[in-house]
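So the sequences go chain by chain: G and S.
Counting the first sequence from 1 gives a position; my numbering is that position plus 2.
Counting the second sequence from 1 gives a position; my numbering is that position plus 274.
Treat the hints as calculated values from the structure; they're not laboratory data.
Bear in mind that the values here come from a model prediction, so they are computed numbers and not experimental data.
The beta carbon of each residue, even a glycine, is placed where N, CA and C say it ideally should be.
It is possible that part of the hints are untrue.
Where chain S lies over chain G, by a calculated footprint (3+ residues, C-beta under 8 Å) [stated by the list, open to error]:
(1) 34–45
(2) 64–73
(3) 196–202
Computed far set for chain G versus chain S, every beta-carbon distance over 12 Å [stated by the list, open to error]:
(4) E24
(5) A78
(6) T79
(7) A86
(8) D100
(9) D117
(10) N136
(11) D144
(12) S213
(13) E214
(14) D247
(15) Y248
So the chains spell out like this:
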Amino acid sequence: MYNFEFAKPSTIAEAVEALGQEEAQALGGGQTLLPTMKQRLAAPATLVSLNGISEMIGVCVNDAGEVCIGGATPHATVAREAAAHYPALAALAGRIGDPAVRNRGTIGGSLANNDPSACYPAAVLGSGATIRTNTRDIAADDYFQGMFDTALHDGEIITEVRFPVPDKANYQKFVQPASRFALVGVFVAKYAGGVRVAVTGASSNGVFRWSEAEAALSSDFSKAAVDGLSTPSGDMISDLHGSGDYRAHLVKVMTGRAVAAAG
Amino acid sequence: MTQVTMTVNGKAVSGDVEGRTLLSEFLREGLRLTGTHVGCDTSQCGACVVHVNGTAIKSCTALAADLEGAEVVTIEGMANPDGSLSTIQQAFQDHHGLQCGFCTPGMVMSAAALLKENPKPTEHEIREYLEGNICRCTGYHNIVKAIMAASGQDVSAIAAE
Chain G
3 MYNFEFAKPS TIAEAVEALG QEEAQALGGG QTLLPTMKQR LAAPATLVSL
53 NGISEMIGVC VNDAGEVCIG GATPHATVAR EAAAHYPALA ALAGRIGDPA
103 VRNRGTIGGS LANNDPSACY PAAVLGSGAT IRTNTRDIAA DDYFQGMFDT
153 ALHDGEIITE VRFPVPDKAN YQKFVQPASR FALVGVFVAK YAGGVRVAVT
203 GASSNGVFRW SEAEAALSSD FSKAAVDGLS TPSGDMISDL HGSGDYRAHL
253 VKVMTGRAVA AAG
Chain S
275 MTQVTMTVNG KAVSGDVEGR TLLSEFLREG LRLTGTHVGC DTSQCGACVV
325 HVNGTAIKSC TALAADLEGA EVVTIEGMAN PDGSLSTIQQ AFQDHHGLQC
375 GFCTPGMVMS AAALLKENPK PTEHEIREYL EGNICRCTGY HNIVKAIMAA
425 SGQDVSAIAA E
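If we strip away everything but chain G, and leave its shape as in the complex, we get (with noise of 0.2 Å):
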C-alpha cells in the first residue's frame, strides 16, 4: 500500500480536526480499508485512527431503554457485553466474519463502509436504529444510502449507534463461504408499533426493507405469513455465488426462517 501520514487521536474533537486535512481518512478496525489500501483501491494522505478514542468504546443501556454501542466497540465486545440486552444484535455480531477479525473490526467502521453484503447494516435498519455522529442523529431509514453510499458527510464519525430493543428479533445469515460475508441475510424485529424486515446481501443498491414482508409481519407475525408472500422483487444482486432470483427467493426463505426462530 501506498504510505501515509498516521494519527491516532484520543478524542472525539481531535479526530474532526484530523479529518479536516486534505485526504485524510477515518479508519475503524481496518478490516476491509487496509485490504483496500493493500490493493491501492483507496489511496488516503492521512490514516486517523478511532481505535484510541476511549469514549467510543463499549455498549450500555441509556434511560430510554436503547442500547447504545459506540462507534469503536469491536465486534466481539458486542457480541459479549450486548448478548443480556439485545440477544439477536448480540448474536449477528457474533457471526460476522471469523475471531479474529471480529476482535479488530467494529461497528462503525461496518457502517461507514455500508457494504452491501454487511451484516450490521440489516441489524441496525431493522431495529429502526440511530447513528449518532460528532454532529447530528441520524436515523437508520435516512442513512443508508445505496452500495458503499451513506449520509456521512467528510471527515464526519460515527460515535454511537441507539438500537431501540424490541420484542422479539432474530437475524438469519446465509453464508458465503469464502468471505464469510452474507450471500443473504434478514433481520426480522418485532415492536408495538410494528415489524421491521432488512435484507442485506441481496440488492445491488445495498441493505432494504422488504415492506410486504412487514405488512404481512405485523398483522401475523408467523412464518405461514412469509409463505403467502412472492419473493420480493428490484435490482437483486447476480454473481458467480448465485443469480438475482435465487437471492430473491433465499429473502423470503431466510425471513421464514427468522419469523420461526424468534418464536
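Go by the hints and put chain S onto chain G.
Chain S alone, transformed into the frame defined by chain G:
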C-alpha cells in the same frame, strides 16, 4: 517514521515504523520473529494470527503504529519458560496436527485464544472458531483432534478419516 513501543512476548521492544507498516511486518522484519507467517496478506488465511492485549487478531491487517503500547504474544512466546512445548503445541505434535506446518503458528494462536474463552469446546465449536484459519494441506481433522486433546478431552472416539 514513527517510533512505536510494545511488549512482545513479555519483552519491551521499540522501533521506527512507517504509517503503513503492518504488525506482521514489524514482527517479522523489525524484530526478526519469523514464526508469524504471512500466507495470503488479505486477512483470509489466519497464518498471521497473534494475540494483542489478550485477543487473537490477524497481524497482516493491523498497523503497527495503531498498536502503540500493546501487549503482543506471537508463536515464539507460546512455549513454556523452560523451552518445552506448551500443552497445545505438544498436542499438535502428538496428534499430527500439522503437515507442511505453514498454517500452524496461526492455528496454535487461534487454538490458545479459543481455549482461553472456552476451556472445553465441542468439536463443532472448534471447527467454527477456526473458520478464519485455512490449512491448505486440508489437515483439519488432526488439528481439531489436537485442540480437543489439549483441552483435556478424550479423543479416542475421533477416528482418523
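Go through the numbered hints given earlier and state which of them the structure violates, listing their numbers in rising order.
Violated hints: 2, 3, 5, 6 and 8; rest satisfied.
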